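2 protein chains.
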Amino acid sequence: MKDIKIGLIGFGTVGSGLVKILTDNAALIEERLGCPLVLKTIADHDIERDRGVALGGATLTANSDEVLDDPEISIVVELIGGTGAAKDLILKAFDKGKHVVTANKALLSTYGQEIFSVSEDKQLNIGFEASVAGGIPIIKALREGLTANRVESIYGIINGTANYIMSTMTNLGGNFADVLKDAQELGYAEADPTYDVEGIDAAHKLAILINLAYGTAVSHEDIYTEGISRITGLDIDFARQFGYKIKLLAIAKADGNEIEARVHPTMIAADHPLSSVEGVFNAVHMVGDAVGPVMFYGQGAGMMATASAVAGDVIDIARDIRKGVAMRVPPLGHSKESEHSLAIKDMAELTSLYYLRFTAVDKPSVLARISGVLGKHGISISSVIQQGREDEGDVPLVIVTHHAKERDLLTSLSEIEQMDVVVGKTLFIRIEETCGSAD
Amino acid sequence: MKDIKIGLIGFGTVGSGLVKILTDNAALIEERLGCPLVLKTIADHDIERDRGVALGGATLTANSDEVLDDPEISIVVELIGGTGAAKDLILKAFDKGKHVVTANKALLSTYGQEIFSVSEDKQLNIGFEASVAGGIPIIKALREGLTANRVESIYGIINGTANYIMSTMTNLGGNFADVLKDAQELGYAEADPTYDVEGIDAAHKLAILINLAYGTAVSHEDIYTEGISRITGLDIDFARQFGYKIKLLAIAKADGNEIEARVHPTMIAADHPLSSVEGVFNAVHMVGDAVGPVMFYGQGAGMMATASAVAGDVIDIARDIRKGVAMRVPPLGHSKESEHSLAIKDMAELTSLYYLRFTAVDKPSVLARISGVLGKHGISISSVIQQGREDEGDVPLVIVTHHAKERDLLTSLSEIEQMDVVVGKTLFIRIEETCGSAD
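Protein chains in written order, with numbering that gives the first Met the number 0: chain A, 0 to 438; chain B, 0 to 438.
Hints are computed from structural coordinates only; laboratory data are not their basis.
With a Cα cut of at most 27 Å, we get these calculated BS3-like pairs of lysine-lysine:
1. B:Lys121 <-> A:Lys1
2. B:Lys335 <-> A:Lys4
3. B:Lys322 <-> A:Lys335
4. B:Lys335 <-> B:Lys252
5. B:Lys322 <-> A:Lys95
6. B:Lys95 <-> A:Lys322
Chain A is faced by these chain B residues, among others (derived, beta-carbon under 7 Å):
7. Arg31
8. Pro136
9. Lys139
10. Ala140
11. Ala147
12. Val293
13. Gln298
14. Gly311
Chain A regions said to be covered by chain B (calculated; three or more residues, Cβ under 8 Å):
15. 30–43
16. 132–146
17. 282–290
18. 306–317
19. 332–343
All of these numbers come straight from a predicted model, not from anything done at the bench. Here a beta-carbon is modelled for each residue, glycine too, at the ideal position from N, C-alpha and C.
All chains, please: the whole structure from these sequences, using the hints.
Right under this line is the structure:
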């Protein structure tokens, strides 16, 4: 049987993983695809460095046009990353009539609409499973397996660096700065960790998930994004006392004609399945109106796990090519004609439970004054932990609220922070009462 | 755009769930499929009972031929269950040139080879996502998303009844008989619970997963199957002391030209993701050579969750029909020409850690005599718990072994059970040192 030829542009870590899979599992892939899958050409600006993987018969070139202009190549894999050259390469690949596979979440969360639109217009597939949650086949699940469901909510642990830091602080102690430093030394965090620890990377991925689940385009810039750098061991300990764990969650929920879309540290029940997702692992928990709660767990990054998703997409498209079809499933699981235009809900309108940690002067009147302000704004208190003073100075006062509107909370906090008995800014963490816990 | 018409045979619980999804989510499904999906005819021997779901425009008939002989119907959904009439219906549907969706694990684990072979020969799709782990899209993940991977191991919690009983015994106490009785009253266990609690249902599902993952046909009858009815609260408590939980696991592992295939109560690390799967929830944990550990979690049964999987299959096939193709992916993810013939490994050859609970006369020499026999057969001991006697009588003596061969263990136990200081049969539970724990 005729083989299917692919080209790779970007021979970095994930690219090397892809080459390794295609070589190591060539026989198995041929059995599953029904014909050989041949990597014909690899383009990378660095053609000297030894990546430690056998190239098979592939040609290595510094000129990406050798991939894009080759009429034998039917699938182009873009793994150079970034939002500049990658976009041009993908559009050029479409122009040349080639299907595309990419892992580029930054690109898709910025230029996704344009790229997906060209893909549909030209009836050429684009696979991007690797762009969210690494090796976990969550995009296929949303686009196909669970496609009969109306998605009620998505909770994602979709940044391994942030989850590693939160897990380590929770399980082994340590403050944010020290744990981050260790993570950097272990290679789990970048030298500039901002994207990961401030939730920006998670917001990029959430934008893609929302587009798939809700059929509406949102920009990651419109997603409320708050990182984990302000979380302390004290908050983790208090969370434990209330039966919660703190995770950096990417959250999307349907709410009438609006969508909640937010990334922030979140307290969730310690026995929720997401609470057991530790270290660099990722998980996406979602609730569908028919399927109920489901969760998908695995490695969200890394050479081989990410390459597994890229290779899965390549095989998926190759199966289409064998049958002479394309665009069996549109990029986002629905055609662009049926795209909705749902607004992101204003965070001030959010209703949530809140954990509030005040730093207060240790006086008996403090709780009464703080709860008075909260009460005035319609916020009632569910629990209080007031620690005694060990020595002279300020003490933490922790309050968990009943359901409150974020606007009212922020108004209350700005009043409370004016009090002479309260020191500095209040730390607050949203608490999610998720369904899908295993009981 | 032209619609796609389907017929349903079997209007029970899952059938009613399917009708509800197709009605409630008709607009959403049309957006995702690109054309209307119309349920034209429902056949069931009982056409009187009110299922509490709106039929839309569907005709209800007692004659399944009104589905099978209707040239307008292109997909037949078989939800009558059992291995008799269901098989004939499916083969007849293929004869009439119709694609098939079924949730029938008993049928597929018995006649799967024949049914899959006809499906391939006639180039007509068969969807069976609902046959394993209910709403969890595990079959699509194995067949497509993770298809670039060589599967190293599968661990499944794939029987909700057994998991409910084990979870309840673990979290709330109680003995097997009482918890089973409660489960029956709650509707979580059948009046005759044998299939579920003795692991037979899990073996049916494991046979299907093995065929998908390893490309080899195995009969559920060849899978070693042991249920949970002998597990006591004592064992659960000892497991906890060793840092384990006990779960009924369906296990498959590649081992050269053989496959380990077994269903039995298993001790796994308490911090393994599978350990947090509680109640009637299901989960499939697998390790792929590229993706590493992944886990899929959700409801393994129930009207709507199972119907979600059935509807997902229907839409998947309808997407093929729209494009004029079929058999894009063969039923088992590989063509029957590339089917392997791997043998199931003899359980006597299994190497595992073992938990052994002896009931012994409380004499100082007992441990020495038991460990002497184990040592003679090359089995070394990793831990011992010897409880003091509270009053006159026998005491439990618990031993955890290092890696041992099951043949040697069984030989040792039959010798030990002859001793005058040992009472009755030894309870032993295999311990899995799984990878994929989140650390």
